[in-house]
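**Q** Here is what each chain is made of, one letter per residue.
There are 2 protein chains.
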Amino acid sequence: MRTLIKDTIEKIGETVTLKGWVNTKRDHGKLTFIDLRDRTGVIQCVGFQKMSDLTPESSIEIIGVVKKRPEKMINPAIITGKVEIDVQEYVVLSKSETLPFDMGQQTLNLELPTLLDHRSLTLKHEKIQKIFKVQAALADEFRKSAEKLGCTEIFIPTIAAGATEGGAEVFQVDYFGHKAFMTQSPQLYKQIMVGVLERVYTIAKAYRAEPSVTTRHLTEATQMDIEIAFIDSFDELLNALEYVGTSMVSNVSKNYSQILEEFGVDQPLVPDQIPRLTLRQAQVIVTKRTGRDLSKENDLNPEDEREICLWGKEEHQSDFVTITHFPTKKRAFYTMPDPENPEYSLSYDLLFRGIEILSGSKRINDYQQLIQAMKNKKVNPENFGMYLMAFKYGMPPEGGFSFGLERLTMKLLELHNVREASLFPRDMERIDERLSQQSSEDNL
Amino acid sequence: MRTLIKDTIEKIGETVTLKGWVNTKRDHGKLTFIDLRDRTGVIQCVGFQKMSDLTPESSIEIIGVVKKRPEKMINPAIITGKVEIDVQEYVVLSKSETLPFDMGQQTLNLELPTLLDHRSLTLKHEKIQKIFKVQAALADEFRKSAEKLGCTEIFIPTIAAGATEGGAEVFQVDYFGHKAFMTQSPQLYKQIMVGVLERVYTIAKAYRAEPSVTTRHLTEATQMDIEIAFIDSFDELLNALEYVGTSMVSNVSKNYSQILEEFGVDQPLVPDQIPRLTLRQAQVIVTKRTGRDLSKENDLNPEDEREICLWGKEEHQSDFVTITHFPTKKRAFYTMPDPENPEYSLSYDLLFRGIEILSGSKRINDYQQLIQAMKNKKVNPENFGMYLMAFKYGMPPEGGFSFGLERLTMKLLELHNVREASLFPRDMERIDERLSQQSSEDNL
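Chains as they are written, first to last, in the working numbering: chain A, 1 to 444; chain B, 1 to 444.
No wet-lab data here; the hints were simulated from the structure.
Everything hinted at is true.
Identical chains blur together in the list; that is why a pair holds if it fits in one copy or across any two.
With a straight-line Cα cutoff of 27 Å, these simulated DSSO-like cross-link-like pairs (lysine-lysine) come out:
#  : residue 1 : residue 2
1  : Lys378    : Lys392
2  : Lys127    : Lys148
3  : Lys179    : Lys205
4  : Lys378    : Lys329
5  : Lys6      : Lys148
6  : Lys25     : Lys392
7  : Lys148    : Lys133
8  : Lys392    : Lys133
9  : Lys296    : Lys377
10 : Lys392    : Lys95
11 : Lys82     : Lys25
12 : Lys67     : Lys30
These numbers come from a predicted model, not from an experiment.
If we strip away everything but chain A, and leave its shape as in the complex, we get:
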């Protein structure tokens, strides 16, 4: 019967069977020290033998006795720091080849390309694993808050007949001889579905064939989407997105405070009321603080986002700032223009610590207005038959928003590149392994 490493501290004096990976191994003359790692933690194992067949990352089974460590040998940094295992026997379950680099460092100091070239190995590093434990927790908190809002989970397709939101940045699929596309977002289907279930959520893939390599874009990303209907006001949407955004971030930060500490990240500042600014108000503030003239700009650039977040932190003790009313022409066709000034739209972004983590809007729910909006944006309504059908049959006032899971994970742990927050990141230069220029020409 296997004992998990975290449970050894309750079993002092007992003989236990542990299973895990050799995290590190140190030979000290007659003694061998193994740090054994399983999904619950790491524990020091001491053997009076050479154990020469134990290579780092090999998976092994150890039978041994749990012993208290001498007082001065206690390691307060880990929960098993007060005990160690006196190894009686061990079995190698699967021997690891020699590692291409030392995995025993507290932080794996590798350049990003090397980290990704060896992804199946580097993911095994304890600190890298923690990124994905936080990611799983974010997704879980997202679902919990969506359920609290009364949303039903939906499972929607990613292969579509038309480019979801128009534009050229779509991946094309050969669909039995027909041209099809990978969806750029779950947007259109979640909108159809609020016409059915009123309130829906989905965690879905978004595919963007952006021919650029930046630190915050992936060609295949995970989106967490919510859409709600029968809304009374624009504020109802803002309340909902701030509720989901802040409770995700706060709960995960609280429940994984040790991981945040290890990554050198503070607990997030979440005031009772998140500061809300229109784009134009935000621009005036940035101009005041920096002298930069933004009056001709129709969006916030990354520098502006960082500045307005500094303002939010200084003036409102908030790591979040909500920005509303982006110019209608800068937003997708389904975005509702502000009836009081249609040049601007009932749209919003949620910024967190200098970066946009959410985007969304109130939607156009009138069929004729939607057709007109498509035409204005040079989107052909003929390619959106199933979507438009939903608006013919009583689509209520509605809106929604979308979080990027990888980007949120990146920002919460202050990683430098969104690829670090994706298990197997896709970009234009890589599908697991690097795509060579050569094969690009040969393959098609």
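Since chain A is already given, all that's left is putting chain B on it; use the hints.
**A** For chain B alone, coordinates are given in the frame of chain A:
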């Protein structure tokens, strides 16, 4: 302040604001009867006015007084059957066009192609909505049981450089001029990830370019996958899959018993021990019961699956039967052959009421053995660099399984076609709208 329909029964005598869709409308001279539908139910509303602008499926707001119905007018079939709304005012939020067919029937009697041609409308039918409430509940129960097994949720890619499991039935993507493929399953990535996190689960898309139209295949399906490492025995895997399979089905059936009743489906039979048979044992039983000689067959065909499930029900009071030890040559390259008889493999299917709802196996975890197994199956190891890397660095003994969400939903509600259990089903003839033969030639 909006009142949800289900909450009206607590508000007798009060004036409430309801929002929803006109489910049905009946004119009785001076009186108009509206059945109003929101996400929580349906309620009868009575107006002393014509309400001639209210068309079925329009979304509306009603202000009215909650009244007790006279004793003989009570409808015991619905929770709001004891009350009705005396309409004071109403507002049309979004007027529906004339429906192409009557949506007011208890069951929507349409041929499948019609049902799908009008999917954005037909999904709004109450009984069809319920299919997807059950589906959401199945996914939720899946996650709960996976968490109880100690699994971490993972988010893995669907664009791959090689065809996941070999074979020709893959969708090809143009990836910046490179040839790429949509994954046929999350299999390879979840295997890599048990080398990292030991126990993982994912709800992911599986793409199969099967050029055939059957009642149980989709080209884009939702898979619920679990993979666990450091297993002691084959039985440990069987215990895990039976736990997840039966608890999903039992919990959803119990929590949604009214929906099951409406679909005319019995509560599932789940004995303490699910009957387990090897393929050969199952074949002998089918032969005994039907006289059909299966000794040359290497799999169960749909007829056999139904027969062995009848046996399970009659002999073991079980709606589930676990079948193990399929021939090694019939299973994917990563399947572990049975060491005692390598012609057969440590593989399994879980049958539920006559159909396979789960498939899986113990995996080959030794690097050299895996390379050899690939070569035997004519799979080129060069296309699986990132996958194989995981096996170089200490992959423990492991195995896993996978449920098809749509197929399980179909079977639990005894639907006739898996397309009914997919919000927007994809098959070779349809991406929302039907694909014409014409465009097949024109488009590429």
